[in-house]
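Participant: Please model the complete structure; the sequences and the hints are all you need to start from.
At position 301 of the sequence shown (counting the first as 1) the number is 301 in the working numbering, and the numbers step up by one without a gap.
Keep in mind that the hints are not guaranteed to be accurate.
What the hints assert, rightly or not - Heads up, simulated SDA-like pairs for lysine to any residue below, C-alpha to C-alpha not over 25 Å straight-line:
#1 LYS146 / TYR135
#2 LYS203 / ASP225
#3 LYS12 / PHE63
#4 LYS257 / GLU247
#5 LYS16 / GLU90
#6 LYS26 / GLN91
#7 LYS349 / TYR290
#8 LYS146 / PHE157
#9 LYS93 / ILE123
#10 LYS159 / LEU71
Unchecked claim - The calculated label-pair distances, taken between Cβ atoms and stated as ranges, are:
#11 HIS129 / SER215: 45 to 55 Å
#12 GLU90 / LEU323: 54 to 64 Å
#13 TYR73 / SER271: 35 to 45 Å
#14 LEU323 / SER260: 23 to 33 Å
#15 CYS60 / MET226: 38 to 48 Å
No lab work stands behind these hints, which were simulated from the structure alone.
Keep in mind that this is a model prediction, so the values were computed, not measured.
Yeah, the Cβ is synthetic: ideal placement off N, Cα and C, and Gly gets one too.
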Amino acid sequence: MNLQLSVCFIVKDEVKNIAKALESIKDIASEIIIVDTGSTDNTKAIASKYTDKIYDFIWCDDFSKARNYSLSYATQEWILVFDADFIFEEQSKKLLESYLKSDNDLFYIQCIEELHNFQHPLILLFRNHCNINFYGRVHEQVIFDKSKLKISYADIFIKHTGYTDLIINQEKQVRNNNLFQLSLNDPDLSPLLKLRMEAYILKNKLESNNGDYQSNVIDIYNLIDMTKFLGDEIYTYSQLFESVLVESLKYVQDNIKDYSFVLNHSLKLFSNSINVLYNFSNYFTNIGDYYKSVEVMEFISYLLQTKNPSIDIFSINNNLKNLDLIYIEIISTYYILGDYDSCEYYISKLKDSNTILLAKKSISDKNILHELENTFSQQKLSFNALRLAREYIRIFLNNIDIDPNTIIEVYLESYYLAQKETNAQVICDSLSDLILYSNNLSLDQSVLDELIDKGNESL
1 MNLQLSVCFI VKDEVKNIAK ALESIKDIAS EIIIVDTGST DNTKAIASKY
51 TDKIYDFIWC DDFSKARNYS LSYATQEWIL VFDADFIFEE QSKKLLESYL
101 KSDNDLFYIQ CIEELHNFQH PLILLFRNHC NINFYGRVHE QVIFDKSKLK
151 ISYADIFIKH TGYTDLIINQ EKQVRNNNLF QLSLNDPDLS PLLKLRMEAY
201 ILKNKLESNN GDYQSNVIDI YNLIDMTKFL GDEIYTYSQL FESVLVESLK
251 YVQDNIKDYS FVLNHSLKLF SNSINVLYNF SNYFTNIGDY YKSVEVMEFI
301 SYLLQTKNPS IDIFSINNNL KNLDLIYIEI ISTYYILGDY DSCEYYISKL
351 KDSNTILLAK KSISDKNILH ELENTFSQQK LSFNALRLAR EYIRIFLNNI
401 DIDPNTIIEV YLESYYLAQK ETNAQVICDS LSDLILYSNN LSLDQSVLDE
451 LIDKGNESL
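Facilitator: Right, dumping it as structure tokens:
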């Protein structure tokens, strides 16, 4: 496959990941360029089995400079920017050639975050020699002349497998926060990138509940006011601004005036963002506004069915792409409202047979608790079916007298299946569910501790 494609890496101490990444792109790359920023392990030795274009770069607290250094060695017509913890999906290779023959100059590629099970668009594929560069010390972004170059969205997917190790993840968070602070002192920092850095810092403050309420709310208002001037630039940072606005909404939820301001602005900016809408639906559920919650969930189901191309510009939790999961939440909410006709309507839309069985038994027979208990006791649902149904089950769990051992068996089964398949995300889901349900069940803490230890070993 001759695609005239340079694949450019920057790496450091990636001995656990680099071979998988290189294997995934070796048959689409005309050349592979490795820029090493100071590895002390065998990263370069492994890379040398795939390419002789390996260059050292003295680290200077700036990812964009390292990234641009790698681009400087590219000789092919197209460049694919890659990391050692990326995997290029096999199915996407069949589509790559058609995109490279188009008249576009840059492409957004969907990056699947394996650990957190969501995806978001990144500009990783673009023409060489078009004065395209990266800017920003951390979470570097592509800069280019929008008046001369055409950008589009490619139906190409890569998996990001990194940050699964908790300690490494924490170290990278500390490193990134330090680089954010350094970035704010850069004299040449553009207003857009300054806003981006401030958004990261605000997000971290809200998540950790640092600072007093009034000063944080002022920061929220200022950030929202500035985003009004971003225009299409908001899409470049959709994942960041979505998460900041969602955290802001949670932070001000007890203040009607502040909450209304954040909510209305968020919906204007991200009316097609399933992540944002889903978080708003959860918020309405938490405050008991079930009518508003189900209205938002029904709009999410509409967006998923219309396959609106504009959705591609936003990040999205991959579980939320599953219509059965959305329908289960809608059914659950309508049941709380006593609207059984709507429950039956959405049950008819379910695709997964085990989920249909569970929902029909629960809704058609008015003794829902008895039927749900029988369903648990008489069969062990497949993990996929249980994952779809868990939001539905959770609503009734406090009221159901189920033997804790039955719950443990179901989740242990999913844990060992996940471990066998080395599926880190499924393991995390399984363990988190066990911990979630431990609040409702009489579980021995030693059992949970053992499971958590096993999960850490698997990850």
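Participant: Measure nothing beyond the straight line between the CA atoms of LYS349 and TYR290; if it is 25 Å or shorter, mark the hint as holding.
Facilitator: With a Cα-Cα distance of about 21 Å, the restraint between LYS349 and TYR290 holds, given a limit of 25 Å.
Participant: Quick one: are TYR73 and SER271 within 35 to 45 Å, going by C-beta?
Facilitator: holds (42 Å)
Participant: Within 23 to 33 Å: is that where the Cβ-Cβ distance between LEU323 and SER260 falls?
Facilitator: holds (30 Å)
Participant: Compare the distance between the alpha carbons of LYS16 and GLU90 with 25 Å, and conclude whether the hinted pair is satisfied.
Facilitator: This hinted pair holds, its Cα atoms lying about 20 Å apart.
Participant: Would the pair LYS159 and LEU71 pass a check requiring their Cα atoms to be no farther apart than 25 Å?
Facilitator: holds (22 Å)
Participant: Given the hint that LYS12 pairs with PHE63, does the C-alpha gap stay at or below 25 Å?
Facilitator: Within the cut-off at roughly 12 Å; holds.
Participant: Given a hint of 38 to 48 Å, does the C-beta separation of CYS60 and MET226 actually sit inside it?
Facilitator: violated (29 Å)
Participant: For HIS129 and SER215, compare the CB-CB distance with the range 45 to 55 Å and indicate the outcome.
Facilitator: holds (47 Å)
Participant: Mind checking the alpha carbons of LYS146 and TYR135 for me, to see if they're no more than 25 Å apart?
Facilitator: holds (15 Å)
Participant: For the pair supplied as a hint, LYS26 and GLN91, confirm whether the alpha-carbon distance does not exceed 25 Å.
Facilitator: holds (15 Å)
Participant: Taking the CB of GLU90 and the CB of LEU323, does the distance hold inside 54 to 64 Å?
Facilitator: Violated - the Cβ-Cβ distance for GLU90 and LEU323, about 25 Å, lies outside 54 to 64 Å.
Participant: Holds or violated: LYS146 with PHE157, Cα cutoff 25 Å?
Facilitator: With a Cα-Cα distance of about 24 Å, the restraint between LYS146 and PHE157 holds, given a limit of 25 Å.
Of the numbered hints stated above, those contradicted by the structure are hints 12, 15, listed in ascending order.
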